[in-house]
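Going down the list, the protein sequences come from chains D and Z. According to our numbering, the first sequence holds residues 1 to 412 in order. According to our numbering, the second sequence holds residues 413 to 672 in order.
Keep in mind that the hints were calculated from the coordinates and are not lab data. The structure presented is a predicted model; accordingly, all values stated were derived computationally and were not measured. Glycine included, every Cβ here is placed at the ideal spot set by N, Cα and C. One should not assume that every hint holds.
[As the list claims (entries may be wrong)] Computed Cβ-Cβ distance ranges for the label pairs, DEER-style:
hint	chain 1	residue 1	chain 2	residue 2	range
1	D	S389	Z	P492	53 to 63 angstroms
2	D	A253	Z	T641	50 to 60 angstroms
3	Z	S653	D	V392	35 to 45 angstroms
4	Z	D671	D	S389	28 to 38 angstroms
5	D	T344	Z	G569	52 to 62 angstroms
6	Z	F446	D	K409	15 to 25 angstroms
7	D	T252	Z	I541	45 to 55 angstroms
8	D	L381	Z	G569	18 to 28 angstroms
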Amino acid sequence: MGKKQLFFVIIMLLIGVKTWASTITVCKTCPIKTIQEGISQASDFDTVLVKNGTYNEFNLKINKPLTLMGEGNPIIDGGEQGEIIQIMANNVTIDGFVIKNVGTSYTSDYAAIRVIGSEDFLIQNVKLEKLFFGIYLEKSKNGMVLNNTIQGDAKDEYNSGNGIQLWYSQNIVVANNSIQNVRDGIYLEFSDFITIEHNYSGNNLRYGLHFMFSNDDVYKGNTFENNGAGVAVMFSKRIDMHGNTFKKNWGTASFGLLLKEINDAEISGNTFEENTVGISIEGSNRIVYRNNDFISNGWAIKVRGACYANTITNNNFLYNSFDLAYNGNLHDNVFEKNYWSDYTGYDLDRDGFGDVPYRPVKLFSYIVNRTPETIILLRSLFMDIIDFSEKVSPVFTPDNLVDAKPLMKRNK
Amino acid sequence: MIKILKYSFYDLMRSRWSYVYFLFYLLLGFVLLFLNNELSKAVITLMNVIIVLVPLIGTIFGVMYFYNSKEFTELLLAQPIKRSSIFFGQYLGVAGSLTMSLVLGLGIPFALYGLFESNAIWDFSLLLITGAFLTMIFSGLAFNIALSNENKIKGFGYAVLSWLFLAVIYDGLFLMSLIVFEQYPLDNFSLMATMFNPIDLSRTLILLKLDISALLGYTGAIFKQFFGTNLGVVISLIMLSLWTLIPVWRLGYKSKRKDF
Chain D
1 MGKKQLFFVI IMLLIGVKTW ASTITVCKTC PIKTIQEGIS QASDFDTVLV
51 KNGTYNEFNL KINKPLTLMG EGNPIIDGGE QGEIIQIMAN NVTIDGFVIK
101 NVGTSYTSDY AAIRVIGSED FLIQNVKLEK LFFGIYLEKS KNGMVLNNTI
151 QGDAKDEYNS GNGIQLWYSQ NIVVANNSIQ NVRDGIYLEF SDFITIEHNY
201 SGNNLRYGLH FMFSNDDVYK GNTFENNGAG VAVMFSKRID MHGNTFKKNW
251 GTASFGLLLK EINDAEISGN TFEENTVGIS IEGSNRIVYR NNDFISNGWA
301 IKVRGACYAN TITNNNFLYN SFDLAYNGNL HDNVFEKNYW SDYTGYDLDR
351 DGFGDVPYRP VKLFSYIVNR TPETIILLRS LFMDIIDFSE KVSPVFTPDN
401 LVDAKPLMKR NK
Chain Z
413 MIKILKYSFY DLMRSRWSYV YFLFYLLLGF VLLFLNNELS KAVITLMNVI
463 IVLVPLIGTI FGVMYFYNSK EFTELLLAQP IKRSSIFFGQ YLGVAGSLTM
513 SLVLGLGIPF ALYGLFESNA IWDFSLLLIT GAFLTMIFSG LAFNIALSNE
563 NKIKGFGYAV LSWLFLAVIY DGLFLMSLIV FEQYPLDNFS LMATMFNPID
613 LSRTLILLKL DISALLGYTG AIFKQFFGTN LGVVISLIML SLWTLIPVWR
663 LGYKSKRKDF
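Next up, chain Z with everything else stripped away, as it sits in the complex (with noise of 0.2 angstroms):
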């Protein structure tokens, strides 16, 4: 499994996807930086950045990189080796170095910015630590589509579907079902399903630690009650990673079934 996730992994560094997906962070975080000077204003722009872009990134790579490397994944198949090995392999190598491109593309940036000597650290590794969840979630989804469906066209279809789905469409419902069902006492509910989609749980997670003055007010008590204890903190991190190993545990169990 670690040579195939080296392969993988060289071979997205050769194919300079990765430079051009780290030098966009890299300048983002520059702008940023340029534009506000402040480290904490900086880390809520980026967070709007991140809950997008990254899981988009996430998916089309992972969809891209699954149906472009198909011979070769059919050439390993064809050898002495595990199958979970060889998707695992491949999985990790894309999901690690989006991870890479990201964390060090933002944290450059931030480090010469004088990261380490500001109050803003524990903010902005949270906020790298959910990119980075965002990304492995985002990339499992993406590796399944594309495993269960062998027309590409499709599977194109049915990632930007998902993410889109779980970016907006999802919020959409929600709001509606709260709107609607607005005579009912809605705190847990809402605590419920933020908890079932990752975007929106990451986005909830960094708020309450940067701009928690609105989300303060009346029912915002709840959240914050939640969110903000460290019981809260550990429960939104299980959930991440019971978001990142389902998807991951599907592929392994469907890559042996399936008929290449």
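Pulled out of the complex, with its shape left as it was, chain D reads as follows (with noise of 0.2 angstroms):
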């Protein structure tokens, strides 16, 4: 071993000295009383160590790397002051708190967490209650929010905050969360390459997840339900969506999944089910709907105009009241290759796909397009007979608008 080798021990055995954490514990009865006294006592890297207890505090503010964590889930209550906790270092992980009663404010957003310019964070197993921002993300980079329950009692969306708010930051993992009567589930804005995955996000009162202006983002396995309007993705380039539950968003201006200027997206393995209009796109393209599965909603798909270069192939479209309902003439997207539960066609040849192309749009989806009062005429005979005769020679409804290899048989 050489000289300047064994000085390299020598320096990184000094540093592990250094950086060797301690452990500060707070608790009812120890000397350290409150949490804002262990962290402001506490060196860099050492984990603060929270027993057992209620904590009456807000204002916590987190500005050098450390790990705060709760041993058998003490309760923070910030008793409606504002802020409960705020990170401004990197190498910051909070673990295992209950956090309730943040202040409600219509001036400023108060949080239960938020983060502010930090890097390398970790929050997780965190339960938030009474809240009005949950876990704010502020110009964030590299961190994690697992496991974290967000149960919210909004009942107005002025005055109610959202789930888990994204704002500037990138390369985040949003995962395992459960998120309910909050007003946005989760909410990004101007934020890439984030990865939100097998969240729940439920009865909330605007939408389960909202994308505004946020690029290269992932989201798969996460399961959205009975939400006011559904998922919005709006604004936003190459967002990946797949394997997501879309169901019971019902109402009169609700839907599973909201896609309003999205280009170059894929949406591959969803299932959309009970929703009133399974998708709606408005101005997106290049978009792939691969492998989904459309079950018993109103509309599974409803094109507003404007989308072009969209290729929607190998879906199953079962039992929706309208298959799809698009607007307008022009027609430039391919549907191929789809199981319709509506197709009555036959396959003389055997190779799995009809001989006869189906025509997802029905006459009456587009009347009811342009007059929606018609809808009470759903199902009646009259209707039958003329969607019947659409079918045989199309007038109103776009001629190419077909698919010409519709399966035979259910796509697995």
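Reconstruct the complex from the two isolated chains, following the hints.
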């Protein structure tokens, strides 16, 4: 071992000694009784271990790298005074707390946990109750938000906040959280390279998940259920939506998934079940829809215009009142190899594809688009007759809007 | 009246047509359940059948029975029996046996497939109630038409036309008026127009119980608000009863004044 290497090892050892973290315990009977005191006494990379109990504290500022660890789910009660925890340093971990009573304000967005301009943070096993905003990530990077439960009690949109909000943040993983009864379950604004997976977002006032101006994000394996309006993805590029379940988003202006000004995305392996509208699309181009299941929706897909070069292939359309609603006659999207439960054609050459093309836009769906009140004639004999005649010789619906190769058997 | 009802009823039972009708529904019920194996799905398919077939069969059966039993009716008229009881008895005999075939024919397969343990029971009973109403209404209309027309061909023609009008043409006119007046608020108009056609009314009633996801969208809310509440259901049932009572009343009124 050369001199240089030996020197290096000694330096490393010294650094090791310096970063050897100590643990500071906070409890009701300990010398350190408040979390605030624990944080201020800790040095970098220490662990503050908070024992079981209720701590009435707010405005806890964490401005050095440390681990705030709860033992036996200690409760931090903010007493509706304002923000509860603010993280303003890198490498902060928050684990195992119940945080409640965040202050409501009409001028500032108080959050239970706010991360400001920090990197490599980890927030996990936290339970939030009676909150305004839940976890608010602001200009932060490389963090993780895992296994948290957010249970709000939002009544009106104007005085409620979002469960998890990301603003100008990058490379963040949001996984296995459960978010209920807030305004937007998860909200992303100007946030790129975010992964959102295996979360449950339900019973929220507005959207289960909401994207605004966020690119290159992935969300997969999430369940969105019974939200005010569903999931909205707006003004974003290259979003990958995979294996999610959208269900029971019922209501006059409700949908499973809303795409507005979305380009180059991929939507695959999702299930849309019992929504008023499965997917509502507006001004979205070059999107690939693959292997999705549309089951028992009012409308499976509603195309509102300015949608070009989309590919809809290998999906299952099962028992929807309408498979497709289309606005206007210009058509530049590809429908191919889908399974349609309404298809009545035959397959003489036995290649698995129907010999007669399927027309997903019924005349009735065209009429309902024009005059919504006519929905009252749904399933009447008259409508079946004119739908049939339109099917035989299309007059009103775009005549090139066909699935030329409809599948005979449901796509597994 | 009860005696004549009994005569008509047993007459129909003997004539095998009620059995055919009963067996048809029995078979339909079993086939549907065999193919779907899910009660709620089968109820939807059944609705399509009921709102089209039940009125048609009620109409044709009513007219046919009236003309066929004309000699018997004339014989009865010679007896000291009230005219209204003769015709009401016959009407109730026809409508009753048809309703019984429908309720038993559909009820047995569904009951065997576990209707009583399923939560589709309310949807199903609503289906049967509207089916019964439709039978009553359309056989009543058929009796009226047959009573007013001596000529069998004409009578049949009018009866089929009345069915065609209410099942198909009415909806066509309804649709046209909705499209022509699309600039105006049409919610109340469409509610009213639905009320005035028993077939549309039954369809909407059942549909709102079954397949509400589409109807809930946008304008559907107002229909849901109306038909979804108890008041809406009560008003709809009152309308259906009116649809039953008016032809029956006219039957009594006309039969008293007619010269046989």
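Structure-based check of all given hints:
At roughly 57 angstroms, the beta-carbon separation of D/S389 and Z/P492 lies within the given 53 to 63 angstroms, and the hint holds. Checked against the given bound of 50 to 60 angstroms, the beta carbons of D/A253 and Z/T641, roughly 21 angstroms apart, lie outside it. At about 40 angstroms, the CB distance of Z/S653 to D/V392 agrees with the hint of 35 to 45 angstroms. Between Z/D671 and D/S389, the C-beta spacing of about 47 angstroms breaks the proposed range 28 to 38 angstroms.
Between D/T344 and Z/G569 the Cβ separation comes to about 33 angstroms, which falls outside the hinted range of 52 to 62 angstroms. As the Cβ distance of Z/F446 to D/K409 is approximately 20 angstroms, the hint placing it in 15 to 25 angstroms holds. A C-beta distance of roughly 29 angstroms is found between D/T252 and Z/I541, which places it outside the suggested range of 45 to 55 angstroms. For the pair D/L381 and Z/G569, the supplied restraint of 18 to 28 angstroms holds, since their beta-carbon distance comes to about 20 angstroms.
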